[in-house]
Amino acid sequence: MRAIHHHSSAPMKIQAIPRSRHGFTLIEMLTVITIIVILAGLVLGGFGFVKEKQKRSKAEIQVKLLANACEEFKADNGFYPGINDNTTGDGKNMTKELYSDLYWDSNRDGSGPKSDSRQHIYISELDPENNKQGWTDGRGQNVRILDPWNNEYRYRKGNNANNPDFDLWSAGPDGKTNPDNPKDKQNRDDVKNL
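All residue numbers for the sequence shown refer to our numbering, where the first residue is 9 and numbers rise by one.
A couple of the hints might just be wrong.
For lysine to aspartate or glutamate, the following EDC-like pairs were computed, each having C-alpha atoms within a straight-line distance of at most 16 Å [unchecked claim]: (1) Lys-82 / Asp-182; (2) Lys-184 / Glu-160; (3) Lys-66 / Asp-84; (4) Lys-100 / Glu-36; (5) Lys-63 / Asp-182.
Beta-carbon label-pair distances, calculated as ranges [stated by the list, open to error]: (6) Gln-194 / Lys-82: 53 to 61 Å; (7) Lys-59 / Glu-133: 15 to 23 Å; (8) Ile-35 / Lys-191: 48 to 56 Å; (9) Ile-43 / Asn-158: 34 to 42 Å; (10) Val-45 / Ile-91: 54 to 62 Å; (11) Phe-87 / Arg-126: 16 to 24 Å; (12) Asn-92 / Asn-189: 22 to 30 Å; (13) Gly-118 / Gly-49: 51 to 59 Å; (14) Gln-149 / Asp-84: 14 to 22 Å; (15) Gly-54 / Lys-191: 56 to 64 Å.
Just so you know, these hints were derived from the structure itself, not from any lab. In this text, a Cβ means the ideal position worked out from N, Cα and C, and glycines have one as well.
Based on the sequences and whatever the hints tell you, model everything.
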């Protein structure tokens, strides 16, 4: 017996052969670029945050060093650094006096540290010739002490409302401060001696 084959008149389905892709679509390219841009922004933002944190830590250390040197100066001389008993209320333009008393001419005889063996150097890191910390600006006796944001440190002594001895601080990254009003928003980023 012969097998009878039944032929269907239904059309045969033809399957398409998948083509191989040779590139990305525009949407895929834009998606990848967007992800890269977002990641780059996060990384750069993180570096900025870390750098600011390092500057703040450096300022805290420098303020402590300067404050300790001021206390040592007072123990040796009976008064805090600076020519006048009471200094400016905002503490501006006082680091030249600090520099002079703590490094250049602590015994106030007019000679510098290299020619006077009787004077005391309270902070050797203030040497402008060997400025590893980057916190001095100037040469000779005319040197300012700068914070990590390149603003001059603030210093005042005498009968101040907040501290009867002395105040020493950095005005922070914005360079703005209001030392007589502790609640002022300008003080939020200040680095102070406590």
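Here is how each hint holds up against the structure:
Taking the CA atoms of Lys-82 and Asp-182, the gap is about 31 Å. The hint is violated against a cut of 16 Å. The hinted pair formed by Lys-184 and Glu-160 meets the criterion: a straight-line CA distance of about 11 Å does not exceed 16 Å. Pair hint Lys-66 plus Asp-84 does not hold up; C-alpha atoms about 27 Å apart against a cutoff of 16 Å. Taken as a hint, the Lys-100 and Glu-36 pair is broken in the structure, with Cα atoms around 57 Å apart against an allowance of 16 Å.
Straight-line distance between C-alpha atoms of Lys-63 and Asp-182 comes to about 13 Å, which keeps the hinted pair within the 16 Å bound. Taking 53 to 61 Å as the suggested C-beta distance range, the pair Gln-194 and Lys-82 does not conform, at roughly 29 Å. Checking the proposed 15 to 23 Å range against Lys-59 and Glu-133 shows it holds: the Cβ atoms sit about 21 Å from each other. Checked against the hint of 48 to 56 Å, the C-beta distance between Ile-35 and Lys-191 comes to roughly 53 Å, which is consistent with it.
The hint said 34 to 42 Å for the Cβ distance between Ile-43 and Asn-158, and at roughly 37 Å that hint holds. Take Val-45 and Ile-91: their Cβ atoms lie about 56 Å apart, and the range 54 to 62 Å holds. Between Phe-87 and Arg-126 the beta carbons are some 18 Å apart, a value that agrees with the proposed interval 16 to 24 Å. Here the CB-CB span from Asn-92 to Asn-189 is close to 23 Å, well matched to the stated 22 to 30 Å.
Between Gly-118 and Gly-49 the CB atoms are about 56 Å apart, so this pair conforms to the stated range of 51 to 59 Å. In this structure the supplied range 14 to 22 Å holds for Gln-149 paired with Asp-84, their Cβ-Cβ distance being about 20 Å. Between Gly-54 and Lys-191 the beta carbons are some 31 Å apart, a value that contradicts the proposed interval 56 to 64 Å.
Hint check: violations occur at hints 1, 3, 4, 6, 15; the rest are consistent with the structure.
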